[in-house]
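Please construct the entire structure, taking both the sequences and the accompanying hints into account.
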Amino acid sequence: MNRLYMTAAAALVAAATALPAAAEEAKRGGTMVVAYKDDISTFDPAIGYDWQNWSMIKSLFDGLMDYKPGTTDLIPDLAESYAISADGLTYTFKLRPGVKFHNGRAMTAADVKYSIERAVNPATQSPGQGFFASIKGFDEMAGGGAAELAGVTTPDDSTVVIELSRPDATFLHVAAINFGFAVPKEEVEKYGPDFGRNPVGTGAYKMTEWTLGQRVVFERNADYYRPDAPYLDKIVFEVGQDPTVALLRLQRGEVDVLGDPIPSAQFVEVVNDPANKDLIVEGGLLHTGYVTMNVTQPPFDSKLVRQAVNMAINKDRILRIVNNRGVAANQPLPPAMPAYDTDYKGYAFDPAKAKALLAEAGHADGFATELYVMNTDPNPRIAQAIQQDLAEIGVKAEVKSLAQSVVIAAGGDGTAPMIWSGGMAWIADFPDPSNFYGPILGCGGAVPGGWNWAKYCNEALDAKAAAADAMVDPAKAAERLDLWRSIYIELMDDAPWAPVFNEVRFAMHSARIGGDKILFADPIHIPVHYDYVYAKDAQ
Amino acid sequence: MSDAWKRFRRDRLALVGLGVVVVMSAAALLAPAIAPHDPSAQFFDGLTLQGAPVPPGGKYLLGTDLLGRDLLSRLLFGARTSLVIGVAANGAAVLVGTALGVVAGYLQGWAGAAIMRFTDLMMAFPALLLAIALAAIFAPSLWIVAMVIALVNWVQIARVVYTETTALAARDYIEAARALGATNARILALHLLPHLVPTVLVYATLGIATTVLLEATLSFLGIGVRPPTPSWGGIIFESQSYFLSAPWLVFFPGAAIMLLALSFNLVGDALRDALDPTQRGR
Amino acid sequence: MLSHLARRLTASLLILLGVTLITFCLTFLIPADPVRMIAGRSATPETVASIRHQLGLDRPLPVQYASYVGKLVQGDMGRSYVQKTEVATLIRSRLPATLLLMAGAIFFELLIGMPAGVFAATRRGRPADRGIMILSFAGVSTPQFVLGLLLLYVFAYLLGWFPLSGYGTPAHLVLPALTLGVAGGGWYSRMMRSSMVEVLRHDYIRTARAKGLSERGVVLVHGLRNAVLPLIAMIGLDIGIFMSGAVVVESVFGWPGIGQLAWQAIQRLDIPIIMGVTLVAAVAIVIGNLLADLVTPLIDPRIRLR
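Chains as they are written, first to last, in the numbering used here: chain A, 1 to 539; chain B, 540 to 821; chain C, 822 to 1127.
Check the hints yourself; a few may be wrong.
What the hints assert, rightly or not - Distance condition first, Cα-Cα at most 25 Å in a straight line; then the derived PhoX-like pairs of lysine-lysine:
id: 1; chain 1: A; residue 1: K396; chain 2: A; residue 2: K355
id: 2; chain 1: A; residue 1: K37; chain 2: C; residue 2: K905
id: 3; chain 1: A; residue 1: K464; chain 2: A; residue 2: K476
id: 4; chain 1: C; residue 1: K905; chain 2: A; residue 2: K190
id: 5; chain 1: A; residue 1: K517; chain 2: A; residue 2: K536
id: 6; chain 1: A; residue 1: K190; chain 2: C; residue 2: K892
Claimed, not checked - Stretch-level coverage of chain C by chain A, calculated; a stretch enters the list once three of its residues show a Cβ under 8 Å from a Cβ in chain A:
id: 7; region: 854-861
id: 8; region: 864-873
id: 9; region: 908-917
id: 10; region: 977-988
id: 11; region: 1087-1099
Note that these hints are calculated values from the structure, not bench results.
Even glycine gets a Cβ: it sits at the ideal position worked out from N, Cα and C.
Here you go:
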């Protein structure tokens, strides 16, 4: 059998682990204080799935693959090199030697197998179970029949072979996702469900303290396999900090990094202050905020009506409500995502044309409907702005401001005609265009309880998506992206969504924290890439 | 009754309170006529270019809120929300509480005990948590919020009415009436309820103050009336994040809530003194 | 006395059971699916079904309730759906903050209410009395979130005397406790006043005066001692109110109490936490009521113990 060796992989490893620019001043040592409002929910990589613990888990644990800091490019992590078979069904990962868990034990291939199986094991209740669906034997293990994953084998202590049941172009991203990060079996069994409070991994930092409701402390892992990272000796996460207070403390030098976004009321003043010029970094997020329209519920079953809604929303006005911390969106993908179409114009703001379209669809007098929204600020405000825009074209939308779980249920059950996604909007799990399709726009998500709240099911597009994800050959990467681009643009013609804006985040840090700007604008490590920033005043 | 009114009139503070209530009710009723702008209209010039609200003065007498809507107009229409819920929710609470209290107090025995145990149970329930849970179940609207508040507030009235009814029912003339063959319904209507009116009236008035505060609190938590219906508490909920730089959005509605609740409290207290002089100073 | 106490205790336990039953029914009436929230947005229907089965949420409701109560009497409040941490651990970590806030609030209530009430009672009918009564009413009528934000703005932001939010030092406690204390202080001052007025009318006061004690001595020693009893009853009731009603103040001041825990749990439909917090709050209310009821006969011997 021919094998397509990624001989370039070895070279890539050397290049990729090269530090970002401005590393010449980087010193080892020092402490960084990060402020958050909410307490951390868990550090268990198989379970943690919120934007707060996602990057922290990346610092406590490692996976087969990772991303070059500040970018969306894949590089090997626990794997020293990898090879993909010609048919794209077999991935062979050679693990790097000398990796130790925080408890001192050396990591082996068996640990990688155990960790991936743990994510798939239904007893773990992992929200990321579905990501591993392309691995052979997934259905048997996820269904509860098999006790292990047939597709993952370990011919020796430093080799992991993963066989897929179908070609999956996103698999390397799956190998980089938190849910499969390496965990030591003996510690998991020792702590049971409390492993999330007592994490033990292979990462750059280990957790040494967690005082519930007050503070979490990370300390540098002296055994970390990278000789040059991390720089900081300690990171202290202070929780229970109101964002306004955190900002004031940062200005006084008590806090180094804001975990939550800069509070709206102070935002303009802070961003325009020349003293803060070097302290605030702007970065795109893999996020889109949108209004979904249930295509199975009249009158949203008419394409014309949906297009009219797209034209009725004044996106600039809504951006003003969120302090311009975003850019207007005209397609499902955010600008930071590969396959984003920079030439696509979308539906321009044109209430007159929108009214004309409504008339054409037989609703010259407008109609009444409901707009569901999550009841935490600023989402009800945004919903009211959309409500006013819709009223301009004759659509009387009643705003239903409810608890998050209730809105999600209404979307899943298909009872909500329109939903403003704020607070529950899609943020990509990994930087690949396919991640924006399956659960929220594909037929698979249009089932009762699914997250495709528009209940949009286009078999032709589904087929194209499957074909795109089967293009494993790296030589075809550009072609694959083109195919995805065309899928989303074609989808916009049907307009099951009205994309409104893509969030832009503004990371603020104190003057004593150094690092390349991209470490603060990293779309995957939020708010900063903990492993590569450093303290300028370290001894 | 005229005696009571004379006593009430002597309390000047209560008269002021009554005046405030009348003025606010008038403002609420006349809101569509006197409000300078449409309370739901989001004006383009109501926000600065960076999206901050406009301070009081000029076109917007009391400033604008975070969506560029005129605060004064929203306050005037918000009075409607507070008063409607205040009267409706409290009225419902009083009706339910009085009914249960009277029945329990008159019947005594196992029926009375069962009702009072149920009252104890509802008292043990953390009120705010109950309101929050109910709001999650029933998508909030004006009437749902009123119902939720009523469900939380009826308990106190039931207990007081029960105690009074028990005392009243033990009196001799009730015994006599029963001996003469009067039906229970007749006794309740003719002999008991009229004596309960003063107490119920006092608690009804005081209850409006509590209701207004509770509605404001629920709106503040984001589970109040459906947007864009203006509600004083709701305005504060939406403006919280800006309160350090736009404090007028918190203080004007806050002062309005306080004034209304205070007025009802003063009136209710004076009413209590006026209707039963032996209770003076309590 | 003892049999009365035993009867009250039994009644209290039944009431607590009733509270768990009502809470249980309410959480299931909420039109959302806790399993969907745990399973996350990428879950397959099979995963969802599996999680549902593991949490026992596919059993009939009465069975689920019986199982919950069974574990409860053994001290097991279950584990949070979202964090997998034990509910008891989560509540225990936040209880000190809530208790601290409650103590601070009661302190301020008494600090404001008692002197004000005594002062008003001794100057009954005069302008000072009216003034204090208006202020008391104003305190009671101000919504907590308005007062809290006002205190925050003036004393923390403009003047910088206190920290803006958070938890840790006594300075952090002042503003939130004061916010809760002002409203209660209003009630207490009125209660204190009417109680003092009652007491000052009694014969033994006249006797004390006749014996030649100073006016202040009479008021403070004899009057206060007896007038303070109703306040103790009110403190009992307050315990219950603060355990459950501090959500708003906790939100404004970022105070890590159990109110915030409950609020977040309801948003995410983390049922075990909702049940746990409600139960703890109900226990506090029941204990507080019990205390108040035990003190009341001491105030008014005419009220027979039922």
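Taking the hints in turn, this is what the structure says about them:
1. A:K396 with A:K355: holds, 13 Å
2. A:K37 with C:K905: Between K37 of chain A and K905 of chain C the Cα gap is close to 20 Å, so the pair holds against 25 Å.
3. A:K464 with A:K476: Holds, at about 15 Å.
4. C:K905 with A:K190: Given that 25 Å is the threshold and the Cα spacing comes to 15 Å, the pair holds.
5. A:K517 with A:K536: Measuring from Cα to Cα gives roughly 15 Å; hence the hint holds.
6. A:K190 with C:K892: Satisfied, since the Cα-Cα distance of roughly 23 Å is no more than 25 Å.
7. 854-861: Coverage by chain A holds for the region 854-861 of chain C (7 residues, Cβ < 8 Å).
8. 864-873: The restraint on the region 864-873 of chain C holds, since 8 of its residues have a Cβ under 8 Å from chain A and three suffice.
9. 908-917: holds (count 4)
10. 977-988: holds (count 5)
11. 1087-1099: holds (count 4)
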